[in-house]
Amino acid sequence: MKASFQQTKWVRVPLCAFFSAMAVSGALVATPSLAAKPIACSDLKTKLSIADTTITLTEMLPAGVNPNPVGTIAAPICRVVGVTTPAVQFEVWMPSEGWNGKFQMVGNGGTAGVISYSAMRLALTRGYATASTDTGHVSSGSFDSTWALGRPDLIADFGHRGTHVTTVNGKAITRAYYGEPAKHSYYVGCSKGGQQGLMEAQRYPEDFDGLIAGDPANNWTRFYAGSHLWYSMATLKDPQSYIPAAKTAILGKATADACDLIDGIKDGVIDDPRKCKFDPSVLLCKAGQDPNTCFTAKQVQAVRDIQTGVRTPWGELVHPPLVPGAEDGPGGWAAWTTGSAPFTGLHWLAADGFFRYQVFQNPAYDPMSFNFGSDLLFSLHAVGPLLDAIDPDLRPLHRRGAKLIVYHGFSDPDISPLNSINYFESVAEFMAHRSDDREDALERTQDFFRLFMVPGMQHCSGGPGPNTFDMLTALENWVEK
Numbered sequence: 001m002k003a004s005f006q007q008t009k010w011v012r013v014p015l016c017a018f019f020s021a022m023a024v025s026g027a028l029v030a031t032p033s034l035a036a037k038p039i040a041c042s043d044l045k046t047k048l049s050i051a052d053t054t055i056t057l058t059e060m061l062p063a064g065v066n067p068n069p070v071g072t073i074a075a076p077i078c079r080v081v082g083v084t085t086p087a088v089q090f091e092v093w094m095p096s097e098g099w100n101g102k103f104q105m106v107g108n109g110g111t112a113g114v115i116s117y118s119a120m121r122l123a124l125t126r127g128y129a130t131a132s133t134d135t136g137h138v139s140s141g142s143f144d145s146t147w148a149l150g151r152p153d154l155i156a157d158f159g160h161r162g163t164h165v166t167t168v169n170g171k172a173i174t175r176a177y178y179g180e181p182a183k184h185s186y187y188v189g190c191s192k193g194g195q196q197g198l199m200e201a202q203r204y205p206e207d208f209d210g211l212i213a214g215d216p217a218n219n220w221t222r223f224y225a226g227s228h229l230w231y232s233m234a235t236l237k238d239p240q241s242y243i244p245a246a247k248t249a250i251l252g253k254a255t256a257d258a259c260d261l262i263d264g265i266k267d268g269v270i271d272d273p274r275k276c277k278f279d280p281s282v283l284l285c286k287a288g289q290d291p292n293t294c295f296t297a298k299q300v301q302a303v304r305d306i307q308t309g310v311r312t313p314w315g316e317l318v319h320p321p322l323v324p325g326a327e328d329g330p331g332g333w334a335a336w337t338t339g340s341a342p343f344t345g346l347h348w349l350a351a352d353g354f355f356r357y358q359v360f361q362n363p364a365y366d367p368m369s370f371n372f373g374s375d376l377l378f379s380l381h382a383v384g385p386l387l388d389a390i391d392p393d394l395r396p397l398h399r400r401g402a403k404l405i406v407y408h409g410f411s412d413p414d415i416s417p418l419n420s421i422n423y424f425e426s427v428a429e430f431m432a433h434r435s436d437d438r439e440d441a442l443e444r445t446q447d448f449f450r451l452f453m454v455p456g457m458q459h460c461s462g463g464p465g466p467n468t469f470d471m472l473t474a475l476e477n478w479v480e481k
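Numbering of the sequence shown is given in the numbering used here, commencing with residue 1 and proceeding in unit increments.
Please note: incorrect hints may appear among the correct ones.
Below, simulated BS3-like cross-link-like pairs (lysine-lysine); rule was C-alpha separation at most 25 Å, straight line [what the hints assert, rightly or not]:
id	residue 1	residue 2
1	K183	K37
2	K45	K183
3	K45	K171
4	K277	K266
If you anchor each label on the Cβ, the simulated ranges turn out as follows [said to hold, decoys possible]:
id	residue 1	residue 2	range
5	D440	A287	55 to 65 Å
6	K237	E316	18 to 28 Å
7	A249	R400	16 to 26 Å
Worth flagging that the hints you see were computed from the coordinates, not collected in a lab. All residues carry an ideal CB built from backbone N, CA and C; glycine is no exception.
Please build the complete structure, drawing on both the sequences and the hints.
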């Protein structure tokens, strides 16, 4: 009998189980190696040679307040700054006391272009040696893509290579400084960082013993077309379809009124939005109603378009749509979809730069002219192989005993939570297809890959639901115990 991966137990694990479900598992054992003589921080620049890489700065910094960009750190560190050809800038911070014996690579957001200092500071509080990269370019804003014009090599570095080479270099520098390798290596990231995590799991499974990939933008090219761009088209192509930010609260309340009680509890959180059958036509203005308290017919259609998604001319859904429950709040539609005025929402800013500079390599290109047939196929061919992390074959990761946690906010207004569900199911289906015993495919998948959906959480954090939890300890327990 064919195994079914719909509505399985992995979407119903209580959040408290997120901290305990990983406590018992076969641990990944670090390969023993001979200790070498540690290299002093001040000598790393001259005594450590790494292929295609130049160490530009080494310095010892005290715990506490330091000049930017380092800021306030929890422990004294050896800070190493370097660059890998052609332009992958990176930093490695290694605590000079209290090292936990482990290494953590942290991810980026948006189109990267900066070192993730805040994530490095967080890793340092737990005693990790930690590394981050700008992924090979410098960005002028969260969704700047101008750096990609005429530079396919930089797109490849942004898509996967920059994270990988920084991981390899970071572990080598850590080993040189301490005179021994890290016992375990971990990756932590969300959004673009989630894409980086899944790309690592698929392309470079030897890099990490455990990975956390939150709200991953792993289906990158289709996400930018079927989400960033489509949501912008739905509200901007016809000026009368634009939804002012103030109206997102009206939409959010109507959604909650329709679906909050699905789980039997009125708590401001839609437990599983897939069960929500919300019809935006309830918002349609009635005769004599204040237009600031309701939606026009075109605004209603814009909401419907966003929540149903766009299809190719041959009927294929380009990318999973947003689900009900992501509309209200400062991190909701007001930030991502509407912005403070037309063409200021984050969805538009992301799509505009991506298609002009990364895909079509033409600053004059108008994304509003995008064709979801021919232009989608062109995009998938042009940049998909560099950016998309959708391979369901995680057998190499599984074989070496590594573990992967993906989590996704069910109220994410940026990346549809259905995308993470679809990817998990594709891995489980692949495991089933590779075995005569389809019934245990889900169990075998969960042996190394777990998905946690977080009701009420927006993009990586925030929202009315629980959005602060210790995933890293759960992963450490799963890997090490």
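Checklist entry - Any of the earlier hints contradicted here, and which numbers? => result 7
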